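Use these hints to put chain B onto chain A, whose structure you have.
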Amino acid sequence: MASHAVTDLRHHFENHDQQKDASTLGMWIFLVTEIMFFGGLFLAYIAYRTAYPDAFGAASNTLNIPLGAVNTAVLICSSLTMAMAVHSAAIGKNKLLITFLIATLVLGGVFLGVKAYEYHDKFVEHHVPGPNFDFKSEDAKHPVDPHNASLYFALYFAMTGLHASHMIIGAVIIVVLIRMAAKNRFTPEWHTPIELFGLYWHFVDIVWIFLFPLLYLIDPKNK
Amino acid sequence: MANHPPETEHSTTHHIVPTRVYYGVFAALLVLTGVTTWIAYIDLGRFNIYVALTIAVIKASLVMLFFMHVRYSSKLTKVIVASGVFWLMIMFLMTMSDLATRGWMRVPGR
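Listed in order, the protein sequences are those of chains A and B.
Be aware that the first sequence starts at 378, since it is given in the working numbering, and climbs by one per residue.
Be aware that the second sequence starts at 896, since it is given in the working numbering, and climbs by one per residue.
One should not assume that every hint holds.
When the alpha-carbon atoms are kept at most 25 angstroms apart in a straight line, the in silico SDA-like pairs for lysine to any residue are as follows [what the hints assert, rightly or not]: (1) Lys598/A to Val952/B; (2) Lys600/A to Tyr425/A; (3) Lys470/A to Val965/B; (4) Lys973/B to Phe414/A; (5) Lys492/A to His503/A.
For the record, the hints were derived by calculation from the structure and aren't laboratory data.
These figures come from a predicted structure and were not determined experimentally.
Isolated chain A (complex conformation) (with noise of 0.2 angstroms):
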C-alpha cells in the first residue's frame, strides 16, 4: 500500500490535474530561483564584459567554436529525447519512456565528455585561472591585459562549471527515474517526476541556449 501511496491522489487535492498543476507551479518557483542563481554569473559577465570588451574577445577566441556548436546541437537533441520520454509517460508507453529517458541520459554524458575534453584544453594552454595561467595576446589585434583575459576565463569555468554540476545532478535523477520506470510506477495519470525533471531538463538546455554565444561567439570575426 505504501508505494501506490505515492501515485494515488493527495487528499487535500480535488483531481489529479489539480494536484499536477500545485506540482508544476512548485517546480516552476524553484527554476525561478535558479534564474536568479545563474543570473547572478550573467549579470557579472555583462558587467566585465562591456568594461573590457577586447580581452573578452580575444580569450574567447580561444575556445574551439566547432566543438561548442557540436556540444549544443547534443543538447538540443537531449532536450528532444526528453520531451518525448515525457510525452510517452502521458500516453502510458513504459517501454519508450524507458528508451527516451535511457536516450537523454547517453546524450548529456556526451556533453559532458565534451565538456571535459574542452576543460582538459584550458588547463594544457595555461588558461585556467590561478597561479599557472599564462594568455599569450600576440595574435588579438590589439594587445589586452591577461589580468582581463583572466576575468572571462574565470566567469567562462564558473558558468560553464555550474551548468555542467546541473548536468551531473540531472543525470543522477535520471537514472532514479529509469529504475522508477522499469518498476513501472508511472501512468498516464501520474507521471510528476518525469514532468517536472523534463522541466529542469530543459532549463538546463535553456542556461546554455545563452552560454554557447555569450562565451563562444564574442569576436570569430577577428580570430
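Same frame as chain A, now just chain B:
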C-alpha cells in the same frame, strides 16, 4: 493502481502535444544554432551581440513554450515564469544603469 478516483474522468486540462510539434521545435532550434554560429563570423559591428541575443531569446522561448509546456500551462504558472524574467531584468537593468552612469556626476574624492 487500478482504482483511481472517478475525478480523473472529467479531466479537461490534459494536453497531449502532438509529436510533430516537438520535431518542428527541434528542427528550428538546430537551424537557429547554425544561424547564430554563422552570423558571428560576419562583421556587423556592435550589432553582432544584439543578433546573437535575439536568436538566443527566440530559442529559449521555443523551449519554454513547447518543450516546457508553458503555452499549455495555467495562467498562474505563466505569471510565475514571467516574474522570473521580470526580476532578472530588474537585476540586470538597475546594476547596468548604475555602472553606466557612475561617471556622470562628480563624486568628492574621485
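Outcome of the hint check:
Distance check on the hinted pair: Lys598/A and Val952/B sit about 22 angstroms apart at the alpha-carbon level, within 25 angstroms; holds. The hinted pair formed by Lys600/A and Tyr425/A meets the criterion: a straight-line CA distance of about 21 angstroms does not exceed 25 angstroms. Our distance criterion of 25 angstroms between C-alpha atoms is met by Lys470/A and Val965/B, whose separation comes to about 23 angstroms. Distance check on the hinted pair: Lys973/B and Phe414/A sit about 20 angstroms apart at the alpha-carbon level, within 25 angstroms; holds.
Restraint check: the Cα-Cα separation between Lys492/A and His503/A comes to about 17 angstroms, which is no more than 25 angstroms; the hinted pair holds.
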